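Q: This is what each chain is made of:
There are 2 protein chains.
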Amino acid sequence: MKIAVLGTGMVGQAHAGKLAKLGHQVFMGTNSVAKTKARTKIDQMSRPGIGLWLEANHNVKLATFSRAEGSADLIINALSGQVCLKILQEIKANLADKILIDISNPLDFSKGYPQFLSLSNTDSLGEQIQKALPVTNVVKAFNTTNALVQVDPQAISGADHHLFLAGNDKAAKASVIKFAKQYYGWKNVLDLGDISSARGMEMVLPLWLEVRSSLNTPNFNFKIAR
Amino acid sequence: MKIAVLGTGMVGQAHAGKLAKLGHQVFMGTNSVAKTKARTKIDQMSRPGIGLWLEANHNVKLATFSRAEGSADLIINALSGQVCLKILQEIKANLADKILIDISNPLDFSKGYPQFLSLSNTDSLGEQIQKALPVTNVVKAFNTTNALVQVDPQAISGADHHLFLAGNDKAAKASVIKFAKQYYGWKNVLDLGDISSARGMEMVLPLWLEVRSSLNTPNFNFKIAR
Numbered sequence: 001m002k003i004a005v006l007g008t009g010m011v012g013q014a015h016a017g018k019l020a021k022l023g024h025q026v027f028m029g030t031n032s033v034a035k036t037k038a039r040t041k042i043d044q045m046s047r048p049g050i051g052l053w054l055e056a057n058h059n060v061k062l063a064t065f066s067r068a069e070g071s072a073d074l075i076i077n078a079l080s081g082q083v084c085l086k087i088l089q090e091i092k093a094n095l096a097d098k099i100l101i102d103i104s105n106p107l108d109f110s111k112g113y114p115q116f117l118s119l120s121n122t123d124s125l126g127e128q129i130q131k132a133l134p135v136t137n138v139v140k141a142f143n144t145t146n147a148l149v150q151v152d153p154q155a156i157s158g159a160d161h162h163l164f165l166a167g168n169d170k171a172a173k174a175s176v177i178k179f180a181k182q183y184y185g186w187k188n189v190l191d192l193g194d195i196s197s198a199r200g201m202e203m204v205l206p207l208w209l210e211v212r213s214s215l216n217t218p219n220f221n222f223k224i225a226r
Numbered sequence: 227m228k229i230a231v232l233g234t235g236m237v238g239q240a241h242a243g244k245l246a247k248l249g250h251q252v253f254m255g256t257n258s259v260a261k262t263k264a265r266t267k268i269d270q271m272s273r274p275g276i277g278l279w280l281e282a283n284h285n286v287k288l289a290t291f292s293r294a295e296g297s298a299d300l301i302i303n304a305l306s307g308q309v310c311l312k313i314l315q316e317i318k319a320n321l322a323d324k325i326l327i328d329i330s331n332p333l334d335f336s337k338g339y340p341q342f343l344s345l346s347n348t349d350s351l352g353e354q355i356q357k358a359l360p361v362t363n364v365v366k367a368f369n370t371t372n373a374l375v376q377v378d379p380q381a382i383s384g385a386d387h388h389l390f391l392a393g394n395d396k397a398a399k400a401s402v403i404k405f406a407k408q409y410y411g412w413k414n415v416l417d418l419g420d421i422s423s424a425r426g427m428e429m430v431l432p433l434w435l436e437v438r439s440s441l442n443t444p445n446f447n448f449k450i451a452r
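Protein sequences, first through last, are from chains A and B.
For the first sequence, counting from 1, position 173 maps to 173 in my numbering; every step adds exactly one.
Adding 226 to a residue's 1-based position in the second sequence gives its number in my numbering.
Think of the hints as simulated: they come from the structure by calculation, not from any bench.
What you are looking at is a predicted structure, and each value in this text was computed from that prediction instead of being measured.
Watch out, some of these pointers could steer you wrong.
As the list claims (entries may be wrong) - Restraint-style ranges between C-beta atoms, simulated for each label pair:
hint: 1; chain 1: A; residue 1: Glu90; chain 2: B; residue 2: Arg438; range: 48 to 58 angstroms
hint: 2; chain 1: B; residue 1: Leu416; chain 2: A; residue 2: Asp108; range: 20 to 30 angstroms
hint: 3; chain 1: B; residue 1: Gln408; chain 2: A; residue 2: Ala56; range: 47 to 57 angstroms
hint: 4; chain 1: A; residue 1: Asp108; chain 2: B; residue 2: Lys396; range: 55 to 65 angstroms
hint: 5; chain 1: B; residue 1: Val361; chain 2: A; residue 2: Arg39; range: 49 to 59 angstroms
Stated by the list, open to error - Among the chain B residues that face chain A by a calculated CB cut under 8 angstroms, a handful are:
hint: 6; residue: Asp386
hint: 7; residue: Gly426
hint: 8; residue: Ala451
Think of the CB as a built atom: it goes at the ideal place given N, C-alpha and C, for glycine as much as any other residue.
Excised from the complex, chain A in its bound form (with noise of 0.2 angstroms):
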């Protein structure tokens, strides 16, 4: 497949590297190519710079938001819930007609420890793109869990645990679930309605934060015991 992963942080990275390993041909999209390769520096949180990332995978190609897009045949939302919109917007033609995977969360990390954009119980993120890309098929997935785990799901309790999804089009939720066991491993999905439903699972982020904290680790997940 041609995907474009749109996005150049943890999650993107996450996504774009593993897509690209399996042999896809992976287009990430970013403001600028020139500034993004220029980034080579250790983060604050001792992680490699997108630069130095992008020459440790060189089959993941850079490139501006319309070039990575615009012939894909499945677009992943992996910007920060701050800026998405604004951006999705200005490349929407090239949405048209696709199933556009949306990972973003509500999350403001601007000053430090995170805010909360729009947490509510009648709007969504999603809803939000939705409403903006009204002949994209947004599909709500992964943002309730890590991004390592969004791609590896088998690196925690053998995958015993649930990947969430919500969206309006059946058959674009049936793509996304079978492109998630496929290529990522997944073995649990639980179809949550219309994508009205990004509303419980971006709310739930509050809950993995304290989880988070409490285990001192991001790497785990959410399962429906039943």
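Starting from the known structure of chain A, arrange chain B on it as the hints suggest.
A: Chain B in isolation, oriented as in the chain A frame:
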């Protein structure tokens, strides 16, 4: 133990019934004993009115607030999120220096499908209750799963799922953990920190409702898979 269960709904019935069967002296607190006993009809959800439930569970003693918790060793807040803060403030003196297990959820059922009263990442009902009762040890617990699972976690996956806790007093949390394991059979308890972690525990409700709708059953719980 002498235990007061405040509230006569599904959650109050589950805890009071279970604790009385275990041999504890259980008082159920209500506004009006006469009115509560008179509720003998089958309700909209095909459940017997509390009056019928009390006849079947005659070892649970019904009492007005104040009488119920006056001499109790432990108090369980199973009141609705809409009214609990007001009622707890009225009986504040009886709750001094005691442990109050807070199961309340910020839900308003008055208009059919639940509305959320106060979901936010800067406040929670748990914190509001702790602020209103500064010399009571409030422990938020049980609110993230349904009433039957709360008192019988073994009913699902051999209790292989999580009870979350939040509260400022470590000794009080240790007591509640012991209580949950000894009397209800909980196996996995995750302490999320001080009472501000009630935020995540309350904000998971929208996801809980979505999962219930997707699975078409309330009989499930969250497990943290690692």
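Q: Each of the hints needs a verdict: does it hold here or not?
A: Each hint tested on the structure:
1. For the pair Glu90 (chain A) and Arg438 (chain B), the beta carbons lie near 38 angstroms from each other, so the given range of 48 to 58 angstroms is not met.
2. At roughly 26 angstroms, the beta carbons of Leu416 (chain B) and Asp108 (chain A) sit within the given window of 20 to 30 angstroms.
3. With their beta carbons about 53 angstroms apart, Gln408 (chain B) and Ala56 (chain A) fall inside the hinted range of 47 to 57 angstroms.
4. Hint check: Asp108 (chain A) to Lys396 (chain B), Cβ distance near 32 angstroms, so the stated range 55 to 65 angstroms is violated.
5. Between Val361 (chain B) and Arg39 (chain A) the CB atoms are about 53 angstroms apart, so this pair conforms to the stated range of 49 to 59 angstroms.
6. At its closest, the beta carbon of Asp386 (chain B) sits 6 angstroms from a beta carbon of chain A; the interface hint therefore holds under the 8 angstroms criterion.
7. A cut of 8 angstroms between beta carbons decides the hint on Gly426 (chain B): the least distance to chain A is about 3 angstroms, and the hint holds.
8. For Ala451 (chain B), the interface hint holds, the least distance from its beta-carbon to any beta-carbon of chain A being 4 angstroms, beneath 8 angstroms.
In this structure, the hints that do not hold are numbers 1, 4, in rising order.
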